[in-house]
Amino acid sequence: MAVNEVSPHLSGLPAAPLQEKEPIKVSTEENTGRPRDSEGIFTHSGGHFLVQSPYTDQDHLLDLRTLDAENALLARALALMRSLRPDYATSPYADTFNWKEVVDELARLVRRHDYRWKETSFFIVAFRSQIPPTTVYEDLGALDKVAHAEAVASGGFLKYWFGHPDKDGRNLATCVWRSQEDAIKGGVGPGHRKAAAATRSLYSHWKIDRHRLIIRDDVQSWEIIDWE
-3 MAVNEVSPHL SGLPAAPLQE KEPIKVSTEE NTGRPRDSEG IFTHSGGHFL VQSPYTDQDH
57 LLDLRTLDAE NALLARALAL MRSLRPDYAT SPYADTFNWK EVVDELARLV RRHDYRWKET
117 SFFIVAFRSQ IPPTTVYEDL GALDKVAHAE AVASGGFLKY WFGHPDKDGR NLATCVWRSQ
177 EDAIKGGVGP GHRKAAAATR SLYSHWKIDR HRLIIRDDVQ SWEIIDWE
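Take the sequence shown: its letter number 121 is residue 117 in my numbering, and every next letter is one higher.
I should point out that these hints are in silico values taken from the structure, not numbers from a laboratory.
Yeah, the Cβ is synthetic: ideal placement off N, Cα and C, and Gly gets one too.
Every clue listed holds true.
Listed next, with one range per pair, are the computed distances between beta-carbon atoms:
#1 Arg104 with Val47: 13 to 23 Å
#2 Ala193 with Glu219: 29 to 39 Å
#3 Ser197 with Ser217: 41 to 51 Å
#4 Glu134 with Asp110: 43 to 53 Å
#5 Pro50 with Lys114: 29 to 39 Å
#6 Asp100 with Pro50: 20 to 30 Å
#7 Pro50 with Thr130: 21 to 31 Å
List time: in silico DSS-like cross-link candidates among lysine-lysine, alpha-carbon distance up to 27 Å:
#8 Lys163 with Lys141
#9 Lys203 with Lys163
#10 Lys141 with Lys181
#11 Lys96 with Lys114
#12 Lys190 with Lys203
#13 Lys114 with Lys181
#14 Lys141 with Lys203
#15 Lys203 with Lys96
#16 Lys190 with Lys141
#17 Lys181 with Lys203
Using the sequences plus the hints, can you model the full thing?
Written as C-alpha coordinates, this is what we have:
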(Lines of atoms letter the chains of each structure in order from A and count residues from 1; the text may use other names and numbers.)
(Lines give C-alpha, C1' and ligand atoms only; values in the text may rest on other atoms or scores of the structure.)
Protein backbone atom coordinates (compact mmCIF):
# COMPACT_ATOMS: atom_id res chain seq x y z
CA MET A 1 0.00 0.00 0.00
CA ALA A 2 1.33 3.43 -0.91
CA VAL A 3 2.06 5.92 1.83
CA ASN A 4 -0.82 8.15 0.72
CA GLU A 5 -3.35 5.38 1.24
CA VAL A 6 -5.05 4.33 4.44
CA SER A 7 -7.73 1.87 5.44
CA PRO A 8 -8.75 -0.08 8.50
CA HIS A 9 -6.19 -2.79 9.10
CA LEU A 10 -8.96 -5.29 8.48
CA SER A 11 -8.55 -4.95 4.74
CA GLY A 12 -5.40 -3.15 3.72
CA LEU A 13 -7.48 -1.96 0.79
CA PRO A 14 -6.22 0.81 -1.47
CA ALA A 15 -8.19 3.95 -0.76
CA ALA A 16 -8.71 7.30 -2.38
CA PRO A 17 -5.89 9.81 -1.79
CA LEU A 18 -6.16 11.52 1.57
CA GLN A 19 -7.20 15.14 1.47
CA GLU A 20 -5.39 17.45 3.84
CA LYS A 21 -7.12 20.12 5.89
CA GLU A 22 -5.95 22.50 8.54
CA PRO A 23 -5.18 20.58 11.72
CA ILE A 24 -6.91 21.44 14.94
CA LYS A 25 -4.44 19.74 17.20
CA VAL A 26 -3.14 16.28 16.67
CA SER A 27 -0.56 14.84 19.01
CA THR A 28 1.88 12.55 17.20
CA GLU A 29 4.77 12.59 19.63
CA GLU A 30 5.27 9.75 22.02
CA ASN A 31 4.95 10.58 25.67
CA THR A 32 8.27 11.91 26.93
CA GLY A 33 6.97 14.18 29.69
CA ARG A 34 4.45 13.41 32.39
CA PRO A 35 1.52 15.54 33.61
CA ARG A 36 0.20 15.46 37.15
CA ASP A 37 -0.95 12.07 38.35
CA SER A 38 0.89 10.59 35.38
CA GLU A 39 0.95 7.05 36.67
CA GLY A 40 -2.82 7.14 37.00
CA ILE A 41 -3.41 8.60 33.56
CA PHE A 42 -1.34 5.92 31.86
CA THR A 43 -2.83 3.03 33.85
CA HIS A 44 -6.03 1.10 33.20
CA SER A 45 -7.40 -1.64 35.44
CA GLY A 46 -4.12 -1.71 37.33
CA GLY A 47 -1.76 -2.00 34.35
CA HIS A 48 -0.29 -0.06 31.45
CA PHE A 49 -1.72 -2.29 28.72
CA LEU A 50 -5.23 -1.76 27.40
CA VAL A 51 -7.46 -4.14 25.45
CA GLN A 52 -8.48 -1.89 22.56
CA SER A 53 -10.05 -4.50 20.25
CA PRO A 54 -11.71 -7.92 20.33
CA TYR A 55 -8.22 -9.45 20.38
CA THR A 56 -6.70 -9.97 23.81
CA ASP A 57 -3.27 -11.52 23.13
CA GLN A 58 -0.33 -9.46 24.36
CA ASP A 59 0.75 -8.26 20.91
CA HIS A 60 -2.72 -6.83 20.36
CA LEU A 61 -2.74 -4.65 23.50
CA LEU A 62 -2.17 -0.90 23.52
CA ASP A 63 0.64 0.33 25.77
CA LEU A 64 -0.71 3.54 27.26
CA ARG A 65 2.82 4.72 28.06
CA THR A 66 3.48 5.27 24.34
CA LEU A 67 0.86 8.05 24.23
CA ASP A 68 0.47 11.56 25.51
CA ALA A 69 -2.17 12.29 28.14
CA GLU A 70 -4.99 13.23 25.76
CA ASN A 71 -4.61 10.08 23.71
CA ALA A 72 -4.18 7.80 26.74
CA LEU A 73 -7.30 9.22 28.37
CA LEU A 74 -9.40 8.87 25.23
CA ALA A 75 -8.15 5.32 24.66
CA ARG A 76 -9.30 4.42 28.18
CA ALA A 77 -12.70 6.02 27.60
CA LEU A 78 -13.06 4.16 24.31
CA ALA A 79 -13.09 0.92 26.28
CA LEU A 80 -16.81 1.68 26.69
CA MET A 81 -17.43 2.03 22.95
CA ARG A 82 -20.32 -0.07 21.66
CA SER A 83 -22.84 -0.06 18.85
CA LEU A 84 -26.26 1.36 19.62
CA ARG A 85 -28.17 -0.15 16.71
CA PRO A 86 -28.34 -3.42 14.77
CA ASP A 87 -28.08 -1.73 11.35
CA TYR A 88 -24.57 -0.44 12.03
CA ALA A 89 -23.40 -1.62 8.61
CA THR A 90 -25.45 1.10 6.91
CA SER A 91 -26.41 3.63 9.60
CA PRO A 92 -24.89 7.15 9.82
CA TYR A 93 -21.54 6.85 11.58
CA ALA A 94 -22.09 9.47 14.28
CA ASP A 95 -25.38 7.81 15.24
CA THR A 96 -24.00 4.28 15.32
CA PHE A 97 -21.97 4.31 18.54
CA ASN A 98 -22.40 5.56 22.11
CA TRP A 99 -20.16 8.59 21.62
CA LYS A 100 -21.85 10.62 24.36
CA GLU A 101 -21.16 7.86 26.89
CA VAL A 102 -17.54 7.68 25.74
CA VAL A 103 -17.04 11.45 26.06
CA ASP A 104 -18.80 11.50 29.43
CA GLU A 105 -16.35 8.83 30.61
CA LEU A 106 -13.48 10.90 29.23
CA ALA A 107 -14.71 13.93 31.19
CA ARG A 108 -14.91 11.79 34.33
CA LEU A 109 -11.32 10.60 33.86
CA VAL A 110 -10.12 14.16 33.26
CA ARG A 111 -11.73 15.29 36.53
CA ARG A 112 -10.43 12.26 38.41
CA HIS A 113 -6.84 12.97 37.39
CA ASP A 114 -7.19 16.75 37.74
CA TYR A 115 -5.94 17.12 34.18
CA ARG A 116 -6.51 20.15 31.97
CA TRP A 117 -7.63 18.72 28.64
CA LYS A 118 -6.45 20.61 25.56
CA GLU A 119 -8.48 20.60 22.35
CA THR A 120 -7.45 17.59 20.31
CA SER A 121 -8.45 16.07 16.98
CA PHE A 122 -8.46 12.32 16.27
CA PHE A 123 -8.58 10.44 12.98
CA ILE A 124 -11.31 7.86 12.38
CA VAL A 125 -11.60 5.32 9.57
CA ALA A 126 -14.86 3.50 8.86
CA PHE A 127 -14.71 0.50 6.53
CA ARG A 128 -18.09 -0.54 5.15
CA SER A 129 -18.08 -3.81 3.29
CA GLN A 130 -20.13 -6.59 1.81
CA ILE A 131 -18.99 -10.17 1.37
CA PRO A 132 -20.46 -12.68 -1.07
CA PRO A 133 -21.81 -16.04 0.14
CA THR A 134 -18.63 -17.70 -1.11
CA THR A 135 -16.41 -15.86 1.38
CA VAL A 136 -15.45 -17.81 4.49
CA TYR A 137 -15.67 -15.30 7.35
CA GLU A 138 -12.97 -17.14 9.29
CA ASP A 139 -10.53 -16.40 6.45
CA LEU A 140 -11.17 -12.70 6.92
CA GLY A 141 -10.63 -13.10 10.64
CA ALA A 142 -7.22 -14.70 10.16
CA LEU A 143 -6.06 -11.85 7.91
CA ASP A 144 -7.52 -9.29 10.25
CA LYS A 145 -5.77 -10.57 13.35
CA VAL A 146 -2.31 -10.42 11.77
CA ALA A 147 -2.95 -6.94 10.41
CA HIS A 148 -4.22 -5.74 13.78
CA ALA A 149 -1.04 -6.76 15.58
CA GLU A 150 0.98 -4.87 12.95
CA ALA A 151 -1.17 -1.77 13.38
CA VAL A 152 -0.84 -1.80 17.17
CA ALA A 153 2.94 -2.16 16.91
CA SER A 154 3.15 0.82 14.55
CA GLY A 155 1.80 3.17 17.25
CA GLY A 156 -1.09 5.52 17.86
CA PHE A 157 -3.86 2.96 17.29
CA LEU A 158 -6.41 3.81 19.99
CA LYS A 159 -9.45 1.66 19.21
CA TYR A 160 -10.65 -1.07 16.85
CA TRP A 161 -14.24 -2.25 16.62
CA PHE A 162 -15.89 -4.56 14.12
CA GLY A 163 -19.30 -6.11 13.79
CA HIS A 164 -20.56 -9.24 12.09
CA PRO A 165 -22.03 -9.45 8.58
CA ASP A 166 -25.79 -9.03 8.38
CA LYS A 167 -28.04 -11.31 6.34
CA ASP A 168 -26.86 -9.58 3.16
CA GLY A 169 -23.17 -9.84 4.07
CA ARG A 170 -22.82 -6.15 4.95
CA ASN A 171 -20.61 -5.10 7.84
CA LEU A 172 -18.75 -2.23 9.48
CA ALA A 173 -15.25 -2.03 10.95
CA THR A 174 -13.87 1.15 12.45
CA CYS A 175 -10.58 2.43 13.83
CA VAL A 176 -9.73 5.45 15.97
CA TRP A 177 -6.18 6.72 15.50
CA ARG A 178 -4.05 9.33 17.18
CA SER A 179 -3.44 10.91 13.77
CA GLN A 180 -3.76 10.43 10.06
CA GLU A 181 -0.02 9.85 9.87
CA ASP A 182 -0.26 6.98 12.36
CA ALA A 183 -3.03 5.40 10.30
CA ILE A 184 -0.88 5.51 7.19
CA LYS A 185 2.08 3.94 8.98
CA GLY A 186 -0.20 1.29 10.43
CA GLY A 187 -1.19 0.03 6.99
CA VAL A 188 2.11 -0.77 5.30
CA GLY A 189 3.13 -4.09 6.88
CA PRO A 190 3.22 -7.50 5.20
CA GLY A 191 -0.05 -8.52 6.86
CA HIS A 192 -1.80 -5.58 5.25
CA ARG A 193 -0.26 -6.34 1.88
CA LYS A 194 -1.51 -9.92 2.10
CA ALA A 195 -5.00 -8.69 2.99
CA ALA A 196 -4.95 -6.26 0.08
CA ALA A 197 -4.00 -9.05 -2.30
CA ALA A 198 -7.00 -11.08 -1.13
CA THR A 199 -9.45 -8.18 -1.34
CA ARG A 200 -11.09 -8.80 -4.69
CA SER A 201 -11.81 -12.42 -3.97
CA LEU A 202 -13.18 -11.84 -0.47
CA TYR A 203 -15.36 -8.74 -0.87
CA SER A 204 -18.09 -7.90 -3.36
CA HIS A 205 -18.18 -4.25 -2.24
CA TRP A 206 -16.29 -1.92 0.08
CA LYS A 207 -16.26 1.76 0.95
CA ILE A 208 -13.92 3.72 3.18
CA ASP A 209 -15.10 6.82 5.05
CA ARG A 210 -12.89 9.13 7.09
CA HIS A 211 -14.00 11.25 10.01
CA ARG A 212 -12.52 13.67 12.50
CA LEU A 213 -13.39 13.48 16.19
CA ILE A 214 -12.81 16.85 17.86
CA ILE A 215 -12.86 17.16 21.64
CA ARG A 216 -12.50 20.74 22.78
CA ASP A 217 -10.80 22.33 25.79
CA ASP A 218 -11.77 20.83 29.15
CA VAL A 219 -14.05 18.37 27.29
CA GLN A 220 -16.70 21.07 27.18
CA SER A 221 -17.93 20.02 23.72
CA TRP A 222 -17.20 17.57 20.96
CA GLU A 223 -18.22 16.66 17.43
CA ILE A 224 -17.62 14.12 14.68
CA ILE A 225 -17.31 15.57 11.20
CA ASP A 226 -16.27 14.26 7.80
CA TRP A 227 -12.54 14.43 7.20
CA GLU A 228 -12.93 16.05 3.79
